[in-house]
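Undergrad: Letter by letter, the chains look like this.
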Amino acid sequence: MFVVLAAALGYLVGNEVQANTQFDRAHRSLDITRARIDGVDGQLATVRSQLTDLQGQVTQDSATLAADTTKLNGAKVALANSQANNSRQSTVISNLHTCLGGVEEALNALSVGDQSHAVAALDAVAASCESAVASDA
Amino acid sequence: MRDRWWRRASVAAMCVAVLAVLTTAVATDLQAHARNRSEHTELTAARSRLAKQRTDLAITTYVKAVTTNHRNGLQASVASTLGQIASTQSSLSGAAVLGYLQSVDIGTLHTCLGGVQQSLQQIGAGDDNAAAQAISAVAGACSTIEGGTGDGLVYPFDFPDPDVITVGSAYYGYATNSVAGNIQIITSTDLTHWTAVGDALPSLPTWATPDETWAPTVMQIGATFVLYYAVRVAGPGGGGAECISVATATQPQGPFADSSTGPVECQPNLGGSIDPSLFTDATGTPYLVWKSNGGGGTSAIWSQQLDAAGTAFAPATTPTQLLVPDQSWEGGVIEAPDMVMVGGRYLLFYSGNSWKTADYAVGVATCVGPVGPCTKLPGPILASDAGMKGPGGESVFVDASGVLWIAFDAWAPDAVGYPNSRSLYLRKLSVSGAVPVVAPGG
Chain A
1 MFVVLAAALG YLVGNEVQAN TQFDRAHRSL DITRARIDGV DGQLATVRSQ
51 LTDLQGQVTQ DSATLAADTT KLNGAKVALA NSQANNSRQS TVISNLHTCL
101 GGVEEALNAL SVGDQSHAVA ALDAVAASCE SAVASDA
Chain B
1001 MRDRWWRRAS VAAMCVAVLA VLTTAVATDL QAHARNRSEH TELTAARSRL
1051 AKQRTDLAIT TYVKAVTTNH RNGLQASVAS TLGQIASTQS SLSGAAVLGY
1101 LQSVDIGTLH TCLGGVQQSL QQIGAGDDNA AAQAISAVAG ACSTIEGGTG
1151 DGLVYPFDFP DPDVITVGSA YYGYATNSVA GNIQIITSTD LTHWTAVGDA
1201 LPSLPTWATP DETWAPTVMQ IGATFVLYYA VRVAGPGGGG AECISVATAT
1251 QPQGPFADSS TGPVECQPNL GGSIDPSLFT DATGTPYLVW KSNGGGGTSA
1301 IWSQQLDAAG TAFAPATTPT QLLVPDQSWE GGVIEAPDMV MVGGRYLLFY
1351 SGNSWKTADY AVGVATCVGP VGPCTKLPGP ILASDAGMKG PGGESVFVDA
1401 SGVLWIAFDA WAPDAVGYPN SRSLYLRKLS VSGAVPVVAP GG
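Heads up: the protein sequence lines correspond to chains A and B, in order. Read in order, the letters of the first sequence correspond to residues 1 to 137 in the working numbering. Read in order, the letters of the second sequence correspond to residues 1001 to 1442 in the working numbering.
Simulated from the structure, these hints should not be mistaken for laboratory data. Think of the CB as a built atom: it goes at the ideal place given N, C-alpha and C, for glycine as much as any other residue. Check before you lean on any hint, since a few could be wrong.
[Stated by the list, open to error] The calculated DMTMM-like cross-link candidates involving lysine to aspartate or glutamate, where the alpha carbons are at most 25 angstroms apart (straight line), are:
no. : chain 1 : residue 1 : chain 2 : residue 2
1   : B       : K1052     : A       : D114
2   : B       : K1356     : B       : D1385
3   : B       : K1052     : A       : D61
4   : B       : K1052     : A       : D41
5   : B       : K1052     : B       : E1039
6   : B       : K1064     : A       : D38
7   : B       : K1064     : A       : D41
8   : B       : K1064     : A       : D114
9   : B       : K1052     : A       : D38
10  : B       : K1356     : B       : D1399
11  : B       : K1356     : A       : D61
[Stated by the list, open to error] Taking CB as the label site, the calculated pair distances span:
no. : chain 1 : residue 1 : chain 2 : residue 2 : range
12  : A       : A120      : B       : L1101     : 25 to 35 angstroms
13  : A       : N73       : B       : K1052     : 25 to 35 angstroms
14  : A       : N73       : B       : Y1418     : 48 to 58 angstroms
With the rest of the complex left out, here is chain B (with noise of 0.2 angstroms):
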């Protein structure tokens, strides 16, 4: 019975132990399992969060790209909108100074303008001396206009066949007729500004022909001014025979009279005389040289003697015959000849080709005394450059200073030929050797 009871008290023992350890084995079976599906659960949470970020990134990356591009877009368009504002201002800069420019020359044409017009309005009233002061008033102006004195300009209007001379320290300039009268005259204390003063011969011989009057020459002999002119003689239809007068008077700047009752050289044989220049040799004999127009033949360059007065030819003395065209460049004419002693050599400057046109120019001679015989150097020693075209009509003279200067009328480069005008030019002029040579202008 004990034994019974042992036995079953031993199963069931053992069946509670053996209940406990598969309890047990279920119960840690159970929570394994519960600790690996959370374990589970979180690595599926971390997955998916790590795919969120790594989408963020991927986007915010994209975003980046995206900005980095529209950023350097914007930058380079600042830079290029930088360029445009400096090319921009710097064309602004460039336009201001233009119309600065243009301002200036407005204002200079309109001064210029403006003094030629009040100049041509007192013609029409008939006071001329009133026109020539208007002219002068403005001449600057008018200089700028045509160039300024960079090529030797200095009178910038109508001034053919200029002569001019030393007193004192004044210097006057004469030319051929033009709106300021027979005989313009014009004065200047530098040789770069010069004033008009009017008429040096208001008054013609009844002989004359009016507006027909050029070439002047004027020199001091003792106290009297002499001047001598080409001029028309007066016949049916004003067609007269071109010849030479003479006028005197006590100052430079006129008025000059000419009382004679016909001209002094004509050579109507010779188609005319015209284009006198006086001279004094060593001696202080005086001599005039002139050209005869040709007529039928060719035009020539002429000297002759003159009393000590220096209004007439010296008795007993006949005209020579210096030059003659025979160089291609003179285009079968000269004329407007200018004898001075530079260095005890007597030059003759004279002055070729057609004075309407760019190949005129001015040619030199050596001559051996005032009356020849005289060999021309070859080609002309001043012709037609980039500031001016057609130079001649040419005056050398000596300023007070001792220093050599030409004077010559030119055309503008862009206004060449009648009725455009010829202005007064003025460059130094220097002697290397027997060759005379212009100074360039500027």
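Pulled out of the complex, with its shape left as it was, chain A reads as follows (with noise of 0.2 angstroms):
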């Protein structure tokens, strides 16, 4: 009885010698655990935080380009206009050179009796200064 009795006790102090063990063990990693949890916390915090002052930032710049892609576009449409107006005025410019040179042309034929060449001068412009006039109305 007595050997059952010893056995059956050290049985029981073994068992929980060995409990007690796990549970030191655990409670070690418990609290490394514990402490990783606290460092990714703060990591994640301060990446969360980044996180927000980039999203603004992007919300910011996003309404930058909008306007300034406003901006561009109406200077574009300004340039194309302004440009389409030069180009314009360019072929104004050519057709009153044309026209003008003709015109002198006829004046120095007119100035030696020349009248046909005079006439001829006139009749070879006459569809520039009409452009011309007709371009400038």
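Make the complex out of the two chains shown on their own, each in a separate frame, by following the hints.
TA: Structure follows, in structure tokens:
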């Protein structure tokens, strides 16, 4: 009976020691894990804060880009209009030069009594003169 | 009995004690296991939370990276857009400036064209004076179109073979016939702005061919202004000889009157005489220099003394040949002589080569006296440049402040040859030693 009791008691004590050892090990692991959780929590908070800042910048930059794009498109339209106007004016200038050259040639021809040459000179530039006047109207 | 009871009691007590010990051990063991399970449960939960937090951190870090890239892309786009805006606005500014300048050009062209057209209409209506006024009114605008006065251009219309004289503080320019009349006349007070006066020679003698008068020269001799000019003698089919005639007026703007019954000089055996130019020597004696066309030979420059009134050759004088073409740049032709005295030296300016081309140029010779002999300086002193082509028909004069000038006609660079216009140019002239130097344009 004593032997049985000693064996039982020994078993119980050993079992308890083993349980306590496991407990100690789990407790240390729990402490380490909790410390890691704290570290990751800190990192996560930092990254989330940075992300929030970035998202704010993205919102602001998107608005800036939209406004600048609108401004650029407006400038492009204005430039296209200005270039079109300049092209039209270049044509007018070219026609006026042609017209003026013909009229001056007619004057010079008249100065030597060459009326047929004068008429031919005016006829040659009639289209340019009409275009210049029409474009300028 | 008592021992027996005692023994039984001891056994019972022992059993109770053993039972108590066992119970306590079991309880302690169960408690230890319970703590152990609880700790493991917490550990498992903590590890799970750690894993979740790590996953969240990884995801958040990834989102941050993506957002950072997105932000960087946006900022690059903003920078690029700002650059494009700056570039576009710069182009827009340039286009606006160009547009403004074009508007000015168009306005100037309209002004010039309007005046020229009005002049043409007035000619059609037979009112040459109104035509001249219309041309004068737009001379500034037309000069601007021709490139302004940077190359010495002062009158942008057809004004060939110019002769400029100084009368007090005013200047008068005369030129070959045009729509403004037989002899064009323009006037200025600053040598920059010129106004058409009209026709210096409204009527031609009956022996002259209309629209065939050119190369005038005017000089004040006493109270009279004497005009020599080239003219074609009327003939069958309008093909008479080219000669020189003379007219006079009491004021520089005319009207000059030619009451002659025939030309002063013709040299028919030399192909005719043209391009007269008046000159007085150091004693005030007048001379006429001119060109003979050459006929079957070559052209030549001649000189002969005039009488005191300057309206006829001096008695007992004959023409003296001064120059013939003998330099390569002259192309076999010399004409439009103009003799002046500068610093005690006689300088004979002349034009060489074909007047219709950009090869036309001005040369000069030094002369011992008004009837020679003369020695040419090598090469032309005035030739085509970037601003004008084919200068010639020159006339040298001194302005009211004593500055020496050369007046000449020239083609616009992109309009050489008839029926384009030969416009009037003025440039300052200096003499270095015996060599005249024409100031560059501008």
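Undergrad: Work down the list of hints and note, for each, if the structure agrees.
TA: Each hint tested on the structure:
no.: 1; hint: K1052(B) x D114(A); in the structure: 104 angstroms, violated
no.: 2; hint: K1356(B) x D1385(B); in the structure: 16 angstroms, holds
no.: 3; hint: K1052(B) x D61(A); in the structure: 33 angstroms, violated
no.: 4; hint: K1052(B) x D41(A); in the structure: 10 angstroms, holds
no.: 5; hint: K1052(B) x E1039(B); in the structure: 20 angstroms, holds
no.: 6; hint: K1064(B) x D38(A); in the structure: 21 angstroms, holds
no.: 7; hint: K1064(B) x D41(A); in the structure: 16 angstroms, holds
no.: 8; hint: K1064(B) x D114(A); in the structure: 87 angstroms, violated
no.: 9; hint: K1052(B) x D38(A); in the structure: 13 angstroms, holds
no.: 10; hint: K1356(B) x D1399(B); in the structure: 29 angstroms, violated
no.: 11; hint: K1356(B) x D61(A); in the structure: 69 angstroms, violated
no.: 12; hint: A120(A) x L1101(B): 25 to 35 angstroms; in the structure: 33 angstroms, holds
no.: 13; hint: N73(A) x K1052(B): 25 to 35 angstroms; in the structure: 48 angstroms, violated
no.: 14; hint: N73(A) x Y1418(B): 48 to 58 angstroms; in the structure: 55 angstroms, holds
Figure legend: structure checked against the earlier numbered hints; hints not met, in rising order: 1, 3, 8, 10, 11, 13.
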